[in-house]
Amino acid sequence: MYVAAKGGETAIRNAHKLLAKHRRGNRSLPSITLDQIASQLTLAVGRVMAEGSLYDVDLAALAVKQARGDLIEAIFLIRAFRTTLPRFGSTLPLDTGVMLVRRRVSATYKDLPGGQLLGPTFDYTHRLLDPSLAEAEGGEEGSVPDSADGGIDVQPPAMPRVTDLIGQEGLIEPSPEDDGGEPFDITRAPVSFPVDRATRLQTLARGDEGFLLALGYSTQRGYARSHPFVGEIRFGDVEVSFFAEEIGFEVPLGRVQVTECQMVNQFKGSATSPPQFTRGYGLVFGQCERKAMSMALVERALRWSDLGEERSAPAQDEEFVLSHCDNVQATGFVEHLKLPHYVDFQAELDLVRRMRREMGADDDMQEAAE
Amino acid sequence: MLSQAESASREALAPGFADAVFDAQAAFGAVMWAMARPGLTRAMPVHLAPPAPLAPEAAAVALALCDYETPIWLDPALAASSEVARYLRFHTGAPLTADPAAARFALIADPSAMPDFSVFAQGSPDYPDASTTLVVQVEKYRDDGLLLEGPGIRGRLGFGADPLPADIAARLRANRALFPRGVDLVLAGAGRVAALPRSVTVLEG
Amino acid sequence: MSAAPTGAMPAITYNFAYLDEQTKRMIRRAILKAIAIPGYQVPFAAREMPMPYGWGTGGVQVTAAVLGPDDVLKVIDQGADDTTNAVAIRGFFEKTAGVATTTATREATIIQTRHRIPETALSEEQILVYQVPIPEPLRFLEPRETETRALHALAEYGLMHVKLYEDIARHGHIATTYAYPVEVAGRYVMDPSPIPKFDNPKMDDCPALQLFGAGREKRIYAIPPYTSVRSLDFDDHPFRVQRFDKPCALCGAEGVYLDEVILDDRGGRMFVCSDTDHCEGRQAEGHVGEMGVAGGSPSPRPSSPRGEGVAGGTPHLSPRGGGRPVGAGEGASGAEKLP
Chain R
2 MYVAAKGGET AIRNAHKLLA KHRRGNRSLP SITLDQIASQ LTLAVGRVMA
52 EGSLYDVDLA ALAVKQARGD LIEAIFLIRA FRTTLPRFGS TLPLDTGVML
102 VRRRVSATYK DLPGGQLLGP TFDYTHRLLD PSLAEAEGGE EGSVPDSADG
152 GIDVQPPAMP RVTDLIGQEG LIEPSPEDDG GEPFDITRAP VSFPVDRATR
202 LQTLARGDEG FLLALGYSTQ RGYARSHPFV GEIRFGDVEV SFFAEEIGFE
252 VPLGRVQVTE CQMVNQFKGS ATSPPQFTRG YGLVFGQCER KAMSMALVER
302 ALRWSDLGEE RSAPAQDEEF VLSHCDNVQA TGFVEHLKLP HYVDFQAELD
352 LVRRMRREMG ADDDMQEAAE
Chain Z
48 MLSQAESASR EALAPGFADA VFDAQAAFGA VMWAMARPGL TRAMPVHLAP
98 PAPLAPEAAA VALALCDYET PIWLDPALAA SSEVARYLRF HTGAPLTADP
148 AAARFALIAD PSAMPDFSVF AQGSPDYPDA STTLVVQVEK YRDDGLLLEG
198 PGIRGRLGFG ADPLPADIAA RLRANRALFP RGVDLVLAGA GRVAALPRSV
248 TVLEG
Chain P
49 MSAAPTGAMP AITYNFAYLD EQTKRMIRRA ILKAIAIPGY QVPFAAREMP
99 MPYGWGTGGV QVTAAVLGPD DVLKVIDQGA DDTTNAVAIR GFFEKTAGVA
149 TTTATREATI IQTRHRIPET ALSEEQILVY QVPIPEPLRF LEPRETETRA
199 LHALAEYGLM HVKLYEDIAR HGHIATTYAY PVEVAGRYVM DPSPIPKFDN
249 PKMDDCPALQ LFGAGREKRI YAIPPYTSVR SLDFDDHPFR VQRFDKPCAL
299 CGAEGVYLDE VILDDRGGRM FVCSDTDHCE GRQAEGHVGE MGVAGGSPSP
349 RPSSPRGEGV AGGTPHLSPR GGGRPVGAGE GASGAEKLP
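Residue numbers (this note's numbering), protein chains in the order written: chain R, 2 to 371; chain Z, 48 to 252; chain P, 49 to 387.
Treat the hints with care, since some could be wrong.
What the hints assert, rightly or not - Partial list, derived from the structure: chain Z residues whose beta carbon lies under 8 Å from chain P:
1. Leu60
2. Gly63
3. Phe64
4. Ala67
5. Phe69
6. Gln72
7. Ala73
8. Pro172
9. Arg201
10. Leu225
11. Pro227
12. Arg245
Stated by the list, open to error - Think about it this way: if two alpha-carbon atoms lie no more than 30 Å apart in a straight line, the pair counts; the simulated DSSO-like pairs of lysine-lysine are:
13. P:Lys211 - R:Lys22
14. P:Lys211 - R:Lys66
15. R:Lys339 - P:Lys294
16. R:Lys111 - R:Lys269
17. R:Lys22 - P:Lys294
18. R:Lys18 - P:Lys143
19. R:Lys269 - R:Lys66
20. R:Lys22 - P:Lys143
21. R:Lys22 - R:Lys339
22. R:Lys66 - R:Lys22
23. R:Lys18 - R:Lys269
24. R:Lys339 - R:Lys269
Hints are computed from structural coordinates only; laboratory data are not their basis.
Quick caveat, the model's predicted, so the values are computed rather than measured.
The beta-carbon is built from N, C-alpha and C at its ideal position, and this holds for glycine as well.
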């Protein structure tokens, strides 16, 4: 006879012990510290904060460590923690115009007020593996200033946003109207389509970098082409403030690092209205330029109906894009396929066998086998 | 400056749930089962002492289900008491609204003067759930008056409660005719709750 | 960059049943509307849970919202209490709510399930919470929510009938074997979650309250007790459930849903109850199937873990080795070769 093989709980416990062992890795090496992760794997930490929708460097570093470097798993850990936090309200809008800029490039103007500031970037590096990094690095400081405020100018130059400069001439559509009301919160209420711009931007801001990258790329290849120019990418620190009803004034909460991308896109106009450039917007926590640019491309593609365009491509399909860009949802549902499905499979087996029997297929197979 | 009477009453704000987690769960459980079995009453296991004319059972329903996301409409009998408004505002954080169509919950202490269901939110064909839940204070229940049928009812069931408007049967029929739109009623009083959701069909009464 | 960790981690504490009270109220309101409009999918602001989407987050949120300290919880996956995901979800509630758990269908006040309805008839006052992956029955015919919502509003279900009829034209059968659509209380067409259609008749006029939670898709729906639930069909092709040629090999039960277990690589297979509690109960009463053993004690409950444990979604029966399965665990009352 058979006996039931039980032990699900033991199996799970053992699996988790193994997981912890593998996470720790070689015990003759020191355990990686959260400081090291936060300070040396900054871009991983940034992505986890951006797509985890929680700005907390310490927790993001912890999540990266706990997830063994699997960033979607780390994002998931942060999201699951975030959902337990009480909500106090909405901050005032960030003003990226007064950002403490650490990097700022424009592809539309050779020079502009505040100048171009390359800052920390992989751009123009030769992608050659650097064997010197295999050795332990010293702790001494280089001579490079860390940020704009430590640079040549003691007083950082004013850096007006490129789209504001273009907008002074009326050459670009104004930023879509905002009524100043509390924006819809996709983490507190179910989304129904069609969505407003705040909902769209929130969803894209926490959307998967890879998914948005591929969709943004598709618009460049002609699937809803929008002739984009990078008006500006800026990365740096901005202050976050909260208007406290009880005391009646703004309270600064601290600073966050964000990357903002303003795309300047294909102009439009008609017999009655003069031509104007259009815009696509991307903003994410941390230094995530690829994500901010992809977001701006997709945001622009999704605005097809506001701009009187035809819908022809996947990147323009709001319900498709917004319903599938969340990697925590996507990974959960894809990976749930490894859960047992034998009840359903049994139902299908039964049907396939019955239908084959009715067609006499199994007899033929039997004969062929013999 | 508060008058002495006002500050005294401020101190005397009646307490809410003794246990925020378990009392809310117990009160909700009573309402859920009442809604699942229309016309059957269910003991309300939580005992509050709200300011009159708010009934303890109705207060328990409100505290279990209302918060900053759910505007509450009070009928004139309840709206006349600033104590009731203060009690609900303090314990639920829910905004009070004078517009019944904007209310997620309506509390009704004087059912005989209850407005027509059509003044409340009835939901839309796409979102029939976006409708008002009416919490109606009653004093006693009966097993006759209305003959009910529908989801949650095994066969048919006689049910009644007092006080209710004389034309309650006609109102419930009109409500059923809107299905899946419509309002849902939670009756509260006499230590118990009962429900008449929109899915109920009134055969007689 | 400048933002270095401070080293001070926040103290992390969780509410009873994990969810905060505001979230529970929001879910509870959705449940009430779901009960009032049987079969209609109520949108709700599903929270992110500490388990992946698609692994029962909707069911877990519904259970967390209805669960009280006196409840007795049973969790099954594929009919079994000991499948890994059922064990994990049961453990979650033991840890976050401290509630009593059971594997006995009759003792449970709340049963959370994935893909099955227990064989033991449910009773009044019980709640069956289904985990739902895709709540929209029309989703595979029309992927857009904006479209399907309008179809439900108009009760326009012709598309579904066309699909089922195309099956008949092509295969001579309705080729839907699980997640078979039902009409609830004469109005809404509803996805019963991926239960085998074998279980559909149990939903009709059921004395228990049936609640459905879809976390990723952010929908809750319900069937009140004693509500008509009709599987869609045609006059010339009436709805039929699966039937098995053999009874359960362990307990001899007939008219139950069976799992197929492959015994060897030469075509050997056996069929055993998918509902482990039902099977063990019958064995304890002395029922014996052709591969069971008379007087053999049923396998111990999974809540008393033992043995070295096996990896993966532990099936109810886990024959191992080519053609010579061996019993695992010390509770084996005389492991024998197959007849």
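>> Let me make sure I understand: some of the numbered hints might not hold for this structure. Which ones are they, in numerical order?
In response: Per hint list: 1, 2, 3, 10, 13, 14, 17, 19, 23, 24 violated.
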